[in-house]
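A.B. asks: Those protein sequence lines, which keep their order, are chains A and B.
If you're matching positions, the first sequence starts at 1 in the numbering used here and goes up one per residue.
If you're matching positions, the second sequence starts at 1 in the numbering used here and goes up one per residue.
No wet-lab data here; the hints were simulated from the structure.
Keep in mind that the hints are not guaranteed to be accurate.
Said to hold, decoys possible - List time: in silico EDC-like cross-link candidates among lysine to aspartate or glutamate, alpha-carbon distance up to 20 Å:
(1) B/K200 x B/D233
(2) A/K65 x A/D107
(3) A/K63 x A/D116
(4) A/K65 x A/D109
(5) A/K171 x B/D174
(6) A/K168 x B/D160
(7) B/K200 x B/D236
(8) B/K200 x A/E72
(9) B/K186 x B/D160
(10) A/K63 x A/D89
(11) B/K200 x B/D238
(12) A/K65 x A/D89
(13) A/K171 x A/D133
(14) B/K200 x A/E74
(15) A/K171 x B/D233
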Amino acid sequence: MSWNWRTWILVALGIAVVVAAIYFPVLRRRVKTTAKIPQPTEEQARRELTQAVAQSPLDPVVKAKIFWISSEDESALAPVNVQLALSRDPVLRAKQVINTLLAGPVDSDLRTLPADAALLAFYLLPDGTTVADFSEALATSTPSGIQSEQLAVNSIARTLEANVPQVKRLKLLIHGQEVDTLAGHVDLTQFFIVDSKAKLQGAVTPDLPAGLAAKSALPASDTVTNPSPAIESQR
Amino acid sequence: MHISNGPLLRITFSILAMALLASLPILISNAQMLASSALREIPPAQQQSDAPTSTYPPPAQQRAGLNIVVLDPAHGGTDPGARGAQGIRESDLVLDLTLQVRRALEAQGFQVLQTRSGNENPSFDDRSTLANAQRGAVFITLHISSTGLPGTARVYTMPDSSAVVAAGGILSWDHAQAPYVSLSRKFADAVQGQLAQRFKGSPNNSQTAAIRQLRTTAAPAIAVEICSVSVQDRADLDRMMPSVGDAIARGVAAFRPSYVLPGETSLRP
């Protein structure tokens, strides 16, 4: 290669470096601007597709029992009767009651599931096994603790039990995946037995502290403190 | 045509040496994976003899009845557990609580083992392994909640499980707690009774919850949860701890006469 060619190449490289130095701040600005534009995540896309539960005008309006935290005892659940037009189809019905549970009660302190959580999918098998797939917020926004996690799971199980008799067993997934625990404590690798009427009736024994029990305005059988759904091995 | 062997050999050796160096990390990681999978396949009692003593102490000398209490300060390491105002972290608090419980139990004559003593986070299975390798032991996992009435304490056990002991008495590692559920409940009620006497607003009876840590523990096992990291001042929780320790120690002592283990079961990991 002659000396002239080398000079030309060096000049070209020098120009390229200068152009890059000028363009770099522009590029940085563009990257920052793009980062600020919220991109729909896969989960958001799934929410849009799955969350809309079509309501038919033919759906009968019934009193659905939704389980939120009891106003008398923050460690217990209490059913609240909500007028809902519920579908006769068990899957749609389950989605409707879970979405109502997620929407929360009038008093937001009594909610059991985080406000930003969403039901992504719900499946019902012929044997009554159900799989409820929630968004990641259920795991990341539920307060870490045995009591808070147990109340969250119980509220889903009790609400399904009270309104969708076809549901026998419940499996909870987070964003389509099986996870070890909800937020560090409650085991989500197992199935929760939902339809265990005899067992639950026996277990609906309000375990209120002595001071609170006397003040409780709710009938004893309406406040569900202790009974966590039995678990069933899937292995 | 004659080709000198010298340069060719040097090039070959260099290539081999570079290939060996490049594959060294893969070889090491494979060896680690093999070692860890082998550990999982060994019955826990045998693991104890092979494991470093700093991690798992050898099984205590076997005596009849309940003698050992395995304390499990929950969370740790990268998992802080519940977090409250002023940077209160459950993983730190439970270490202090464990110290208080340990003192009270040792004063009652129990031998105490801990699943962790510093800011590390053993796996659920590693924590259970320590308890499962002991004879005459109970397991207590200690927690501080995010929510609940501050100044109260609750004791939990596993709910009933459909897991059954297979023929030959072999029990799956994943359901090691199943045969101990009723014994755990007695144990939990004994501890909850003591806590209810000391902390107004605490329930009189223990409760059930599907707690991951308890599922793989082959011993009477309970979770104790104190409310809560939401207190304004950490001192409120610190003041509770000696009383919690005393209540747990008395509960363990009260449970001691009821400690009759179910039929011999061997664990299948």
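A.B. asks: Given the hinted pair A/K171 and B/D233, is their Cα-Cα distance within 20 Å?
C.D. replies: violated (39 Å)
A.B. asks: Take a quick look at whether A/K63 and A/D116 sit within 20 Å of each other, Cα to Cα.
C.D. replies: Violated. A/K63 to A/D116 sits at ~25 Å, over the 20 Å cutoff.
A.B. asks: Decide if the proposed pair is consistent with the structure: A/K171 and B/D174, CA atoms, cutoff 20 Å inclusive.
C.D. replies: Holds, at roughly 17 Å.
A.B. asks: Take a quick look at whether B/K200 and B/D238 sit within 20 Å of each other, Cα to Cα.
C.D. replies: holds (17 Å)
A.B. asks: For a C-alpha distance cap of 20 Å, please report whether A/K65 and A/D107 respect it.
C.D. replies: holds (16 Å)
A.B. asks: Verify the proposed pairing of B/K186 with B/D160, using a straight-line Cα cut of 20 Å.
C.D. replies: holds (14 Å)
A.B. asks: Quickly compare the C-alpha distance for B/K200 and A/E74 to 20 Å and report which way the hint goes.
C.D. replies: Roughly 15 Å between the alpha carbons, so the hint for B/K200 and A/E74 holds.
A.B. asks: Take the C-alpha atoms of A/K168 and B/D160, compute the straight-line distance between them, and say whether it is at most 20 Å.
C.D. replies: holds (16 Å)
A.B. asks: Given the hint that A/K65 pairs with A/D89, test it: the Cα-Cα distance must not exceed 20 Å.
C.D. replies: This hinted pair holds, its Cα atoms lying about 17 Å apart.
A.B. asks: Is the Cα-Cα distance between A/K63 and A/D89 20 Å or less?
C.D. replies: holds (16 Å)
A.B. asks: Hint check: A/K65 vs A/D109, CA-CA at most 20 Å. Holds or violated?
C.D. replies: Since the Cα atoms of A/K65 and A/D109 sit roughly 18 Å apart, the hinted pair holds (cutoff 20 Å).
A.B. asks: Check whether the Cα positions of B/K200 and A/E72 lie no farther apart than 20 Å.
C.D. replies: holds (16 Å)
In the structure shown, a violation is registered for the earlier hints numbered 3, 15, in ascending order.
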